[in-house]
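**Student:** So you can see what is in the structure, the chains are spelled out below.
Number of protein chains: 2
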Amino acid sequence: MPIGVQRKVLAWQRAALHYARQRENIMKKLFTQVTGSVTAARGFKAAGLAAGIKKSGKKDMALIVSDVPATVASVFTRNQVKAAPVKLDMLHVKSGKARAIVANSGNANACTGKLGYVHAQAMSEAVARRIDAPTEQVLVCSTGRIGVNLPIVKIEAGIKKLLRQVSRTGARDAALGIMTSDTFTKECAVKVGKFHVGGIAKGAGMIHPNMATMLGFITTDAAVPRAALQRALRQAVNQSFNRISIDGDMSTNDTVLCLANGVAGKVSLPEFQAALNYVCLELAKMIVKDGEGVTKFVTVEVCGAKSDRDAEFAARAVSNSALVKTSWCGGDPNWGRLMDAIGYSRCKIIEEKVDIAYDDVPAVKAGQPTRTPVAKLRKIVKSPTFTIRINLNLGRGRCTMHTCDLTEDYVTFNKGE
Amino acid sequence: MPIGVQRKVLAWQRAALHYARQRENIMKKLFTQVTGSVTAARGFKAAGLAAGIKKSGKKDMALIVSDVPATVASVFTRNQVKAAPVKLDMLHVKSGKARAIVANSGNANACTGKLGYVHAQAMSEAVARRIDAPTEQVLVCSTGRIGVNLPIVKIEAGIKKLLRQVSRTGARDAALGIMTSDTFTKECAVKVGKFHVGGIAKGAGMIHPNMATMLGFITTDAAVPRAALQRALRQAVNQSFNRISIDGDMSTNDTVLCLANGVAGKVSLPEFQAALNYVCLELAKMIVKDGEGVTKFVTVEVCGAKSDRDAEFAARAVSNSALVKTSWCGGDPNWGRLMDAIGYSRCKIIEEKVDIAYDDVPAVKAGQPTRTPVAKLRKIVKSPTFTIRINLNLGRGRCTMHTCDLTEDYVTFNKGE
Numbered sequence: 001m002p003i004g005v006q007r008k009v010l011a012w013q014r015a016a017l018h019y020a021r022q023r024e025n026i027m028k029k030l031f032t033q034v035t036g037s038v039t040a041a042r043g044f045k046a047a048g049l050a051a052g053i054k055k056s057g058k059k060d061m062a063l064i065v066s067d068v069p070a071t072v073a074s075v076f077t078r079n080q081v082k083a084a085p086v087k088l089d090m091l092h093v094k095s096g097k098a099r100a101i102v103a104n105s106g107n108a109n110a111c112t113g114k115l116g117y118v119h120a121q122a123m124s125e126a127v128a129r130r131i132d133a134p135t136e137q138v139l140v141c142s143t144g145r146i147g148v149n150l151p152i153v154k155i156e157a158g159i160k161k162l163l164r165q166v167s168r169t170g171a172r173d174a175a176l177g178i179m180t181s182d183t184f185t186k187e188c189a190v191k192v193g194k195f196h197v198g199g200i201a202k203g204a205g206m207i208h209p210n211m212a213t214m215l216g217f218i219t220t221d222a223a224v225p226r227a228a229l230q231r232a233l234r235q236a237v238n239q240s241f242n243r244i245s246i247d248g249d250m251s252t253n254d255t256v257l258c259l260a261n262g263v264a265g266k267v268s269l270p271e272f273q274a275a276l277n278y279v280c281l282e283l284a285k286m287i288v289k290d291g292e293g294v295t296k297f298v299t300v301e302v303c304g305a306k307s308d309r310d311a312e313f314a315a316r317a318v319s320n321s322a323l324v325k326t327s328w329c330g331g332d333p334n335w336g337r338l339m340d341a342i343g344y345s346r347c348k349i350i351e352e353k354v355d356i357a358y359d360d361v362p363a364v365k366a367g368q369p370t371r372t373p374v375a376k377l378r379k380i381v382k383s384p385t386f387t388i389r390i391n392l393n394l395g396r397g398r399c400t401m402h403t404c405d406l407t408e409d410y411v412t413f414n415k416g417e
Numbered sequence: 001m002p003i004g005v006q007r008k009v010l011a012w013q014r015a016a017l018h019y020a021r022q023r024e025n026i027m028k029k030l031f032t033q034v035t036g037s038v039t040a041a042r043g044f045k046a047a048g049l050a051a052g053i054k055k056s057g058k059k060d061m062a063l064i065v066s067d068v069p070a071t072v073a074s075v076f077t078r079n080q081v082k083a084a085p086v087k088l089d090m091l092h093v094k095s096g097k098a099r100a101i102v103a104n105s106g107n108a109n110a111c112t113g114k115l116g117y118v119h120a121q122a123m124s125e126a127v128a129r130r131i132d133a134p135t136e137q138v139l140v141c142s143t144g145r146i147g148v149n150l151p152i153v154k155i156e157a158g159i160k161k162l163l164r165q166v167s168r169t170g171a172r173d174a175a176l177g178i179m180t181s182d183t184f185t186k187e188c189a190v191k192v193g194k195f196h197v198g199g200i201a202k203g204a205g206m207i208h209p210n211m212a213t214m215l216g217f218i219t220t221d222a223a224v225p226r227a228a229l230q231r232a233l234r235q236a237v238n239q240s241f242n243r244i245s246i247d248g249d250m251s252t253n254d255t256v257l258c259l260a261n262g263v264a265g266k267v268s269l270p271e272f273q274a275a276l277n278y279v280c281l282e283l284a285k286m287i288v289k290d291g292e293g294v295t296k297f298v299t300v301e302v303c304g305a306k307s308d309r310d311a312e313f314a315a316r317a318v319s320n321s322a323l324v325k326t327s328w329c330g331g332d333p334n335w336g337r338l339m340d341a342i343g344y345s346r347c348k349i350i351e352e353k354v355d356i357a358y359d360d361v362p363a364v365k366a367g368q369p370t371r372t373p374v375a376k377l378r379k380i381v382k383s384p385t386f387t388i389r390i391n392l393n394l395g396r397g398r399c400t401m402h403t404c405d406l407t408e409d410y411v412t413f414n415k416g417e
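If you read the protein sequences in the order shown, they are chains A and B.
Per this note's numbering, residue 1 is the first one in the first sequence, and the count goes up by one each step.
Per this note's numbering, residue 1 is the first one in the second sequence, and the count goes up by one each step.
Simulated from the structure, these hints should not be mistaken for laboratory data.
Careful: at least some of the hints might be erroneous.
[What the hints assert, rightly or not] Here are the simulated distance ranges between beta carbons: (1) A:ALA375 <-> B:ARG231: 33 to 39 angstroms; (2) A:ARG168 <-> B:PRO384: 17 to 23 angstroms; (3) B:THR372 <-> A:SER383: 46 to 52 angstroms; (4) A:GLY52 <-> B:VAL374: 19 to 25 angstroms; (5) A:ARG231 <-> B:SER95: 57 to 63 angstroms; (6) A:GLY52 <-> B:LYS379: 28 to 34 angstroms.
Glycine included, every Cβ here is placed at the ideal spot set by N, Cα and C.
Just chain A, with the same shape it has in the complex (with noise of 0.2 angstroms):
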């Protein structure tokens, strides 16, 4: 590329990036955040309780119930191994309506066969039957152990003291009720005009016994039509849930799901987008700051790629690079394994291209060491929130990757005895 019109990429490239963040801030002033997540939209009853499904004795179900059918999207995981309830749940959103979601904690459901589906089913039914709605009006979700059957008598159990405990403020049990390795809970509501969306989620983080998952249960009161409201999810899960590593794996019953209950009516689509673009990227960052044995929250900016995709690549090798994570972890500023994860990722680059900063400072220019002290970046490094911001120098595409290190800790807390 000639220098000139290098220059006035990059100024694009500014003034785009100042408008979106102009915008980001329009969006923030526009709603303001609230508490309640899941019960803050009007309509909606939460519980979360202990059935005894975990030894521990903590809490391990949650139910969330919708006042009127609410209008659902949906967004499931794209491994081939699917628990039963994610199959179960694939079936029921066709209906396109939802009244409620139960969900437990300590047992996945998954590698169980046709009897794992059945008891999917009985927990569906079992809500149902009590709520007078359709059985495919209620969605089952599962998260814990892999291979191992549900204890399906102390879980109908736990049903029917949910249904006797939703409330208006049962949100905080019900997030409660989905956590695994988890630390603390994942919720965040958020208020705009007439309007709320809010969700709670559970992390991605996985441990031994349990293979856990990533769960995302999101309520609104705004009456959304159901196209929109699935393209909506598509783009908020994109841009949020998708965009974040901590071990690189996807699991068996990862699931996100939006109930609009309509119950505050029409709302402007760009808003309600804004809105819940918002929530979903504030529980990504939870999940990510919780995750086993992280000490570094990292956020890896590409831009410069031919295409978004391809920064994609870039970004995601970078977070994934047990290389990278783990110097990090070390307080490292190897900008040697990031040319070398970008170098090896389907990205197209170009060595003598390639600028990369911690921060704003400066560590790689024209794919060369700038004469940046080492200290200044170690200094970065070590501080529990940093950005790398890598620059291909060959296009327009970008993308934004949340991201951890890797620790002695995920080690241990995974290994198993």
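Dock chain B against chain A, hints included.
**Tutor:** Relative to the frame of chain A, chain B by itself:
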């Protein structure tokens, strides 16, 4: 698949396996292991010494010289970020002939710009001038820290000494001279009738402050035409160095070179291929066993995939999964993580058809856990060497990978300060 057809496929698979093992045994009888690695073949000399590149004072340079110009074959890293010596070698091998390989450890000469390339050229010229060969016939390899200029004066002094020291017994010193984080030298040689194949290698694990590399140098006195030699090396590398995984990262300097000087005259190509395969696989296995912090050597065998490519996707997903490797470290037979990894790989699977065995003990049959007591599986996973056998029951594709566990020591080793 109807059961009759399925049984036939199974019988076919068993027959193919039996045949392959039989052929392997015949081949093993064919050749005898000998000492001397890269100097086992006639007409090759080698040397290694400490030139002062490594602060530790350990050996950091190696030289292999052939008395006569040898036919050369090569496999280089597919990383888009290539070190200067790799770029130089890619030009030099076009001549088809090589007299010498000069290598240094402690400095990768990567991300060093034009000066790095000049330094690589200087290394090859320094050798070529003294052995009276064209510059193109001297190949250069570097491994070690990225982004630091070579101490070229020390290296040129080292080359002078190396040329005085080269001998028929210098192979071990050469193997020492290319080591970085390796704890033992990787050497192997076999004799087949009148010809020899031998080689040295260094590890693929990466350490701080070095970003280490996989290097492999193979020598033979067989006379093999250039195109056939290149095909043979590609095949041997594909089933050895390309079938191992330590952390899944690919380096900027990975290089395998094969020099055939023809002193022993023409040979049977299948015999040569078998010997080359054997030497490369033995070296590759040694690399895995010497991986950083490794306590377990695990073989992952996938069969019954739709194609060999599919089988490779599945085997690679298992071998590279942080969660799977961590569970091995703890001696935990966590087959759920295996199901998860093959499920998210690009390999086509049907959950209800997957069989998994640890050594010969079945853990999963048709996608569901067997009644094998966990203690029995645990005993296998607790041993230092075991095999994971995955049968997808979908076709005839198969792939074998060699990998290791992920330990706290790996993290400690790689995290830097």
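**Student:** A separate judgement is required for each hint: does it hold in the structure or not?
**Tutor:** Hints versus structure:
no.	hint	verdict
1	A:ALA375 <-> B:ARG231: 33 to 39 angstroms	51 angstroms, violated
2	A:ARG168 <-> B:PRO384: 17 to 23 angstroms	57 angstroms, violated
3	B:THR372 <-> A:SER383: 46 to 52 angstroms	48 angstroms, holds
4	A:GLY52 <-> B:VAL374: 19 to 25 angstroms	22 angstroms, holds
5	A:ARG231 <-> B:SER95: 57 to 63 angstroms	58 angstroms, holds
6	A:GLY52 <-> B:LYS379: 28 to 34 angstroms	31 angstroms, holds
The structure is inconsistent with the numbered hints 1, 2, although it conforms to all the rest.
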